[in-house]
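Asks: Below are the chains, spelled out letter by letter.
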Amino acid sequence: MDKTYDVAIIGGGPAGFSAGLYASRGKMSAVIIEKGKWGGQAGTTEELENYPGSIEHPTGPSLMERMKNQAEAFGTEFIRDEVLGFDLSDKVKVLKLKNGELKARSIIIASGAQYTNLGAPGEDTFRGKGVSYCATCDADFFTELEVVVIGGGDAAVEEAIYLTKFAEKVTIVHRRDEFRAAKSIAEKALANEKIKVIWDTVPEEIYGDGIVEGVKLKNVKTGEITDYRTDGVFIFVGTKPISDFVKGIVDMDAKGYIITDAEMKTSVEGIFAAGDVRITPLRQVITAAADGAIAAIGAEKYIEKTFGH
Amino acid sequence: MLELNKDNFDQEVLQTTGPVIVDFWGSKCEPCKALMPDVERLAEQYKDKIKFCKLNTTENRRLAMSQRVMGLPTFIVYKNGEKVKEISGAEDCTADAIENLIKENI
Numbered sequence: 001m002d003k004t005y006d007v008a009i010i011g012g013g014p015a016g017f018s019a020g021l022y023a024s025r026g027k028m029s030a031v032i033i034e035k036g037k038w039g040g041q042a043g044t045t046e047e048l049e050n051y052p053g054s055i056e057h058p059t060g061p062s063l064m065e066r067m068k069n070q071a072e073a074f075g076t077e078f079i080r081d082e083v084l085g086f087d088l089s090d091k092v093k094v095l096k097l098k099n100g101e102l103k104a105r106s107i108i109i110a111s112g113a114q115y116t117n118l119g120a121p122g123e124d125t126f127r128g129k130g131v132s133y134c135a136t137c138d139a140d141f142f143t144e145l146e147v148v149v150i151g152g153g154d155a156a157v158e159e160a161i162y163l164t165k166f167a168e169k170v171t172i173v174h175r176r177d178e179f180r181a182a183k184s185i186a187e188k189a190l191a192n193e194k195i196k197v198i199w200d201t202v203p204e205e206i207y208g209d210g211i212v213e214g215v216k217l218k219n220v221k222t223g224e225i226t227d228y229r230t231d232g233v234f235i236f237v238g239t240k241p242i243s244d245f246v247k248g249i250v251d252m253d254a255k256g257y258i259i260t261d262a263e264m265k266t267s268v269e270g271i272f273a274a275g276d277v278r279i280t281p282l283r284q285v286i287t288a289a290a291d292g293a294i295a296a297i298g299a300e301k302y303i304e305k306t307f308g309h
Numbered sequence: 001m002l003e004l005n006k007d008n009f010d011q012e013v014l015q016t017t018g019p020v021i022v023d024f025w026g027s028k029c030e031p032c033k034a035l036m037p038d039v040e041r042l043a044e045q046y047k048d049k050i051k052f053c054k055l056n057t058t059e060n061r062r063l064a065m066s067q068r069v070m071g072l073p074t075f076i077v078y079k080n081g082e083k084v085k086e087i088s089g090a091e092d093c094t095a096d097a098i099e100n101l102i103k104e105n106i
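Residue numbers (this note's numbering), protein chains in the order written: chain Y, 1 to 309; chain R, 1 to 106.
What the hints contain is simulated information worked out from the structure, not anything from laboratory work. Ideal Cβ positions, reconstructed from N, Cα and C, are used throughout, including at glycine. Mixed in with the good hints there might be a few duds.
[What the hints assert, rightly or not] Computed beta-carbon distance windows for the label pairs: (1) Y:204 x R:92: 46 to 52 Å; (2) Y:116 x R:5: 32 to 38 Å; (3) Y:90 x R:38: 29 to 35 Å; (4) R:91 x Y:175: 19 to 25 Å; (5) Y:240 x R:36: 24 to 30 Å; (6) Y:84 x R:41: 18 to 24 Å.
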C-alpha cells in the first residue's frame, strides 16, 4: 500500500468512471473504490434512452460496463472496498478502507445516491416478499401477476413501462395529479394499455400474509381510503445521497447533498464531488459523467499547483 | 457451489439435516452478480461447516416462489429442512451480512 495515487475516486458509477477516464487520459494515476456493485443506480436501470449515443444498446448495465472498460483501458484501477474514514492532516490524503489504507493526492467523491424508503407500514416486513426497489432484479417474479408502482418521476414511470413486459397489469400510484417524469416517458406510459394510473393517492399500508397481498390507498384530496389487491409493490419515490462517510468533513446541505462550485470543488482543498451526491439541478447519467470529467480536470490542476508536477 | 433446481431442491435442502444456505439470484439481477465473487469465496471458506447452494430464480421461478422468495438478492439458511433465517435486498445482502448469517448458523 505504498503507492500514492494522484486521484482516489470514491464510487463506481457514471461519475466515477468518467472521472477515472479523464484522470487516466491526463496521465494521472487513478483508482476507483466501490463498496457495492459497479455501475451504481444506472447498473440496474434497464432502459437508458436519454444518454446520447446509447440508442443502440440502451440498457444501463451494458452502458456501465462499457464506461468501466473504457476507464480501465486507459489505466484506471478498480478496488472493491468501503471507505470508512480519512486522515487529511498531510498534503497526501489517507483513505481508511475496511481492508487497509490508500494514499492519494486528491479525492473525488462520486458515491452517488440511493433510493429512499416510502416509510409506510409493511414496507420493511415485505421486502423481498413483494416489496421491491429494483425492477430489473425482481420483475421476473411478477410474470402474469399484478403490480403497483409508487411514484411519478422518471424512475417510477420508466420502471412501470419496463414492468409491463412481465406483469399482467401495472398500476402507478402517484401523489399528484400529473407526472414529474419527462413528457416523452409520461406519454409512453399513459398510452400503454397495461398501465393504469391512480392520481392524488398515497399508499397508507402494505399488507399480506407472508407475501404481499395488497395496499391500502389514501386519496390525498378526499381522504378516502380504499383497498387495492396486488402481488407486488415497486417503490420509486426519490433518492438520498450516500454521503454519511464524509459528514463533518465537507460541507453539505441538510439532506446530505455535498456543496460544490462549478469546478466540483468541495469546501476542502483537494477534495472534489461529482454526480448525484452533490447539489445539482439534474441527476442523470449524463450529468454525472460530465461532473466526473470536470472533477478530474480540477484534480489535475490542484495537483499541479500543490505538488508541482 | 451446488446449483439447485426443482429436481434436487427437496433432497439437497429440505431433506438435509445440517445447515444449508441458499443464494437466490437471477440472471438480470446486477447486485446478485456483483456479490457472486464474495459468495464463491465464502462458500469455499466455510465449505466444511455449511452446505452452500445457489438457485437461479430466472430458471426456477416457481420453486423460488414456493419458498416465498419474490425479491433478489435473497439468502436463506435452512436447518433440518426448515427456514431459520433470511436476508433480502441489495442493501442488506452485503458480504459481511452473509458471513454473519453463516457464523450465526453453524
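Asks: Taking the beta carbons of residue 204 of chain Y and residue 92 of chain R, is their distance inside 46 to 52 Å?
Replies: 25 Å, violated
Asks: Note whether the CB distance of residue 240 of chain Y and residue 36 of chain R lies within 24 to 30 Å or breaks it.
Replies: Given range 24 to 30 Å: holds, Cβ gap about 27 Å.
Asks: I want to verify a distance hint. Is the separation of the beta carbons of residue 90 of chain Y and residue 38 of chain R within 29 to 35 Å?
Replies: Once the Cβ atoms are compared, 33 Å apart, the range 29 to 35 Å for residue 38 of chain R and residue 90 of chain Y holds.
Asks: Take the C-beta atom of residue 116 of chain Y and the C-beta atom of residue 5 of chain R, compute their distance, and say whether it sits inside 32 to 38 Å.
Replies: 37 Å, holds
Asks: Kindly confirm whether 19 to 25 Å is satisfied by the beta carbon distance between residue 91 of chain R and residue 175 of chain Y.
Replies: 24 Å, holds
Asks: Range first: 18 to 24 Å. Now tell me if the beta carbons of residue 84 of chain Y and residue 41 of chain R are that far apart.
Replies: 21 Å, holds
Against the hints set out earlier in the document, a violation occurs for number 1 only.
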